[in-house]
Amino acid sequence: MDRREFLAAAAAPLVLGAIPSAFGATRGGTPLALVTADLESAIVAVDLTSGVVLRRLATPTGPRSIESIGAVGALVAHTASGRMSLVDSFLRVRPVKGEFGAPRYTAASPELRFAYVSDSEREEIVVVDVRSRQVVGRTAVGGPARHLSLDPLGGRLWVALGSKAAAVAVVDVTLPRRPRLVGTFKPPFLAHDVGFTPGGRRVWVTSGDRDRLAIYDAASARLLRTFPGDAPPQHVTFHRDRAFVTSGDDGVLRVHSLDGRRLNTVSVPTGSYNVQEGWDRILTPSLAQGTLCVFGTAGVQLARLKVARSSHDACVIVGT
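Residues in the sequence shown are numbered consecutively from 1241, following this note's numbering.
Mixed in with the good hints there might be a few duds.
To be verified - In the EDC-like style, the derived pairs of lysine to aspartate or glutamate whose C-alpha atoms are separated by at most 20 Å in a straight line are:
id	residue 1	residue 2
1	Lys1404	Asp1449
2	Lys1426	Asp1412
3	Lys1337	Asp1369
4	Lys1546	Glu1280
5	Lys1426	Asp1457
By construction, these hints were calculated from the structure, which means they are not laboratory data.
Using the sequences provided together with the hints, build the complete structure.
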């Protein structure tokens, strides 16, 4: 794989909007968006200071999700082939050792030593030691684990048990190598995505079967409120006191306050399902159109790029 890691980027930039050059100037390093090119077995690296495609990295078949692990790089799940890989800050693609069935999504521990991967086929949470790039623990969660979120202190993991999940699992990861299922609860609808707010006091749960959202108390798993959303499936990410919710079917990104109030609504290409935050930017790629949209934290679009035939997920790392 090493000889194919760095493929030349297209000669002409694929930028349809402008990103301020000051974006990465004050923090050191180069902020990069890493975007899955699902049908091309590649990860596309985009320089977020200029909006230019830098590299196309060859990967194992079918990269499906990607999650930032801070300065380490990003973990990639290849669901169909049952493999994981790590893209480091030098944009080298490295294999992760260990057994997976159908790895789905990843949550990194606060100190960035461990990563928790949902495996829908084995119905497990799998623990990866990021330094050694190998599996060091796992636990059964009683259903096809998919979207997951870790509280900011790194003690509890919430896991939606399916794309239209009748239950959400709560996993104790205070001992990272020995995760333990605490229990499950039923949300007021079939759940899709879950996300801890930045302070860790609340958890948002999005619906996979209707236009609703829910907010829970993180400590007690008590439902606090439900409120209207958009067409399912919906996904959520956070930045400070804002929540960002996408509906790929409706083609919208909504900005909310953390209590659920709508603050702004912007259009995105249809198929823009997943949404991630990084480096004060909000990213949403399109599974249907292969675009990457980049927004500021007020919901202002900064760039729209065509990066692949189909793109399921994206994250931000700092390149070396």
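Evaluated hints:
For the proposed pair Lys1404 and Asp1449, the alpha carbon gap of about 6 Å is at most 20 Å, so the pair holds. Between Lys1426 and Asp1412, the direct Cα distance comes to roughly 18 Å. Compliance with the 20 Å bound is thereby established for this hinted pair. Restraint check: the Cα-Cα separation between Lys1337 and Asp1369 comes to about 10 Å, which is no more than 20 Å; the hinted pair holds. Of the supplied pair hints, the one linking Lys1546 and Glu1280 holds, its CA atoms being roughly 14 Å apart against a limit of 20 Å.
Between Lys1426 and Asp1457 the alpha-carbon distance is near 14 Å, which keeps this suggested pair within the 20 Å criterion.
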